[in-house]
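**Student:** The opening position of the sequence shown corresponds to residue 1 in the numbering used here, with each subsequent residue numbered one higher.
Worth flagging that the hints you see were computed from the coordinates, not collected in a lab. Being a predicted model, the structure only gives us computed values, none of them experimental. Note that CB positions come from ideal geometry on N, CA and C, so glycine has one too. Among these hints, one or two may not hold up.
[Said to hold, decoys possible] Here are the in silico distance ranges between beta carbons for each label pair:
| no. | residue 1 | residue 2 | range |
| --- | --- | --- | --- |
| 1 | Gly-335 | Gly-140 | 50 to 56 Å |
| 2 | Ser-439 | Gly-140 | 32 to 38 Å |
| 3 | Ile-236 | Asp-206 | 38 to 44 Å |
| 4 | Pro-101 | Leu-293 | 37 to 43 Å |
| 5 | His-336 | Pro-295 | 29 to 35 Å |
| 6 | Leu-293 | Lys-411 | 17 to 23 Å |
| 7 | Gln-383 | Gly-419 | 26 to 32 Å |
| 8 | Gln-267 | Ala-292 | 39 to 45 Å |
| 9 | Leu-338 | Asp-431 | 46 to 52 Å |
| 10 | His-336 | Gly-452 | 39 to 45 Å |
| 11 | Glu-296 | Arg-448 | 17 to 23 Å |
| 12 | Gly-235 | Asn-387 | 40 to 46 Å |
| 13 | Glu-458 | Gly-235 | 24 to 30 Å |
| 14 | Glu-332 | Arg-390 | 17 to 23 Å |
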Amino acid sequence: MANFSGAIKLTDLNDFIAPSQACTVALNGSKLETNIQDGEVLLHKRAEVPGFSQTLPSGPNGSVKVTLHDCLACSGCVTSAETVLLEHQSTEELSERLADPSISVIVSVSPQSLASLSVELGKTIEATFKKLSGFLRSLGVLYVLDTVDSRDLSLLETASEFVARYRAQHGQNGSGKPPAKRHGQLLQLASACPGWVCYAEKTHGDYILPYISTAKSPQAVIGSIVKGPLCKRLGIQPGKVYHCTIMPCYDKKLEASREDFTTPGEQVPETDCVLTTEEVLQLASQKGIDLALLPEDHLDNVLHSAEEKRLYGWPGGSGGYLQFVMRVAAQELFGHSLPPGSLPMRTLRNADFQETVLEIDGREVLRFAQAYGFRNIQTVMRQVKQNTCRYHYVEIMACPSGCLNGGGQIKPHGDQAVGELLHALDKQYHDVPMRTPSSNPMVDVLYRDWVGGFPYSEAAQSLLHTQYHNRGQTSKPAQAIARDW
1 MANFSGAIKL
11 TDLNDFIAPS
21 QACTVALNGS
31 KLETNIQDGE
41 VLLHKRAEVP
51 GFSQTLPSGP
61 NGSVKVTLHD
71 CLACSGCVTS
81 AETVLLEHQS
91 TEELSERLAD
101 PSISVIVSVS
111 PQSLASLSVE
121 LGKTIEATFK
131 KLSGFLRSLG
141 VLYVLDTVDS
151 RDLSLLETAS
161 EFVARYRAQH
171 GQNGSGKPPA
181 KRHGQLLQLA
191 SACPGWVCYA
201 EKTHGDYILP
211 YISTAKSPQA
221 VIGSIVKGPL
231 CKRLGIQPGK
241 VYHCTIMPCY
251 DKKLEASRED
261 FTTPGEQVPE
271 TDCVLTTEEV
281 LQLASQKGID
291 LALLPEDHLD
301 NVLHSAEEKR
311 LYGWPGGSGG
321 YLQFVMRVAA
331 QELFGHSLPP
341 GSLPMRTLRN
351 ADFQETVLEI
361 DGREVLRFAQ
371 AYGFRNIQTV
381 MRQVKQNTCR
391 YHYVEIMACP
401 SGCLNGGGQI
411 KPHGDQAVGE
421 LLHALDKQYH
431 DVPMRTPSSN
441 PMVDVLYRDW
451 VGGFPYSEAA
461 QSLLHTQYHN
471 RGQTSKPAQA
481 IARDW
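Assemble the whole structure, with the sequences as input and the hints as a guide.
**Tutor:** Quick look at the structure:
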């Protein structure tokens, strides 16, 4: 199993939400009775969809295989005590697509994965990206992109949504409407972490979902860009483009399989495959390649001018949502400019639960928090349900220490401490020029030529926002969750 690229690895409810109690999805499409204590998993065939096949049938006596659509839609379980084998979104499948001359493969790489690879290789992020780009193109990849532009779009949409919600909640002029079933003051929860979103859908349902930002994650946004304006520019049908992302966590595989993230009309998946950072190393090993020894190749400029510097950062190892939303809200709502650099954070229960407060003339006007890891998420959920949550915005991530510590990142070697590795990752991640998303020239181009509107406009909400679903969690797994915390 160690060599199975599609394995989802779980530890301590910090990464992926996986089946444990009883999965009642039958392989032949019928419902089967299961014994909850057995933890039995059965599957069914799904209807054909445009694009690329996501399922390979399993032998009757082989290892349990779960399709991503089945796992995401199932409400039979929420826990992280097992490993789920997935046949889709693996290095083997990517290799198969690369061998097909009728398919164009495009790869998008997250900055967190680049940070992990750069620490592993002992190179700068830019040098690492150039080596990785050359390696992937040598395999037949058409273009290798980063997700800086999609991250900036996600940040702008999240901040604009918050401002609109705040104005609507407080009776000021605003285009947004407050979510239904809102209790007490304004609260908006981050939406970029698929592990957290999946947990909220399965466990808390309609009570919590209205609080979650509808802005797409950077992965979802880059998928929309690749299968939208980029395919149009290249003159290739979206169904003939295989889009693979490289991400720091296994949960992103499930996010890619959400039926919400498909092209309008034909409903072609906007992201066909997700490889974790570790799986990229596995791919290089399978090809007999040492990435550290590769020469630095050019960076693709399909979305940029050739002379433009490509890799920019923003404070915050999980995308910087709290940092950016607070700055925009302070300026737009109160005309208050915050100084450059990271905002000061106060540690609360533990290092993964921190808050920052905006005071103007001695009066508190905004209180934001970041809650990483499920024990802190559970604290926020309790506060919301007890109507004692004091926050206007919470940046929520399922992994302790956030995305830099994602379950798909390269693990420490030998006796290297996790904290030591995280420090190196954070340093490398922020060792690029900082730039506010609103000053990204490519963002202006995308809003003008693709979106056809400004942030959180009706056009932007159609292309850059999503919806959530109450997946009807049963009572027994919910009780198991409570015991785990």
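**Student:** Is 29 to 35 Å a correct range for the gap between the Cβ atoms of His-336 and Pro-295?
**Tutor:** 48 Å, violated
**Student:** Within 40 to 46 Å or not, the Cβ separation of Gly-235 and Asn-387?
**Tutor:** 54 Å, violated
**Student:** Verify the CB-CB distance for Gln-383 and Gly-419 against the hinted window 26 to 32 Å.
**Tutor:** Holds: the Cβ-Cβ distance is about 28 Å, inside 26 to 32 Å.
**Student:** Is it true that Leu-338 and Asp-431 lie within 46 to 52 Å of each other by Cβ?
**Tutor:** For Leu-338 and Asp-431 the Cβ distance comes to about 23 Å; the hint is violated.
**Student:** For the pair Ile-236 and Asp-206, does the Cβ-Cβ distance stay inside 38 to 44 Å?
**Tutor:** Holds - the Cβ-Cβ distance for Ile-236 and Asp-206, about 40 Å, lies within 38 to 44 Å.
**Student:** Is the hinted range of 32 to 38 Å satisfied by the C-beta distance from Ser-439 to Gly-140?
**Tutor:** Since Ser-439 and Gly-140 have Cβ atoms about 35 Å apart, the given range 32 to 38 Å holds.
**Student:** I want to verify a distance hint. Is the separation of the beta carbons of Glu-332 and Arg-390 within 17 to 23 Å?
**Tutor:** For Glu-332 and Arg-390 the Cβ distance comes to about 21 Å; the hint holds.
**Student:** State, for the Cβ atoms of Pro-101 and Leu-293, whether the hinted interval 37 to 43 Å holds or is violated.
**Tutor:** For Pro-101 and Leu-293 the Cβ distance comes to about 29 Å; the hint is violated.
**Student:** Using the beta carbons of Glu-458 and Gly-235, state whether their distance is inside 24 to 30 Å or not.
**Tutor:** About 29 Å separates the Cβ atoms of Glu-458 and Gly-235, which means 24 to 30 Å holds.
**Student:** Holds or violated: 50 to 56 Å for the Cβ distance of Gly-335 and Gly-140?
**Tutor:** 52 Å, holds
**Student:** His-336 and Gly-452, beta-carbon distance inside 39 to 45 Å?
**Tutor:** The hint (39 to 45 Å, Cβ to Cβ) is violated, given that His-336 and Gly-452 are roughly 31 Å apart.
**Student:** Can you let me know if the beta-carbon spacing of Glu-296 and Arg-448 is within 17 to 23 Å?
**Tutor:** 33 Å, violated
Checked against the numbered hints listed earlier, the structure breaks hints 4, 5, 9, 10, 11, 12; every other hint is satisfied.
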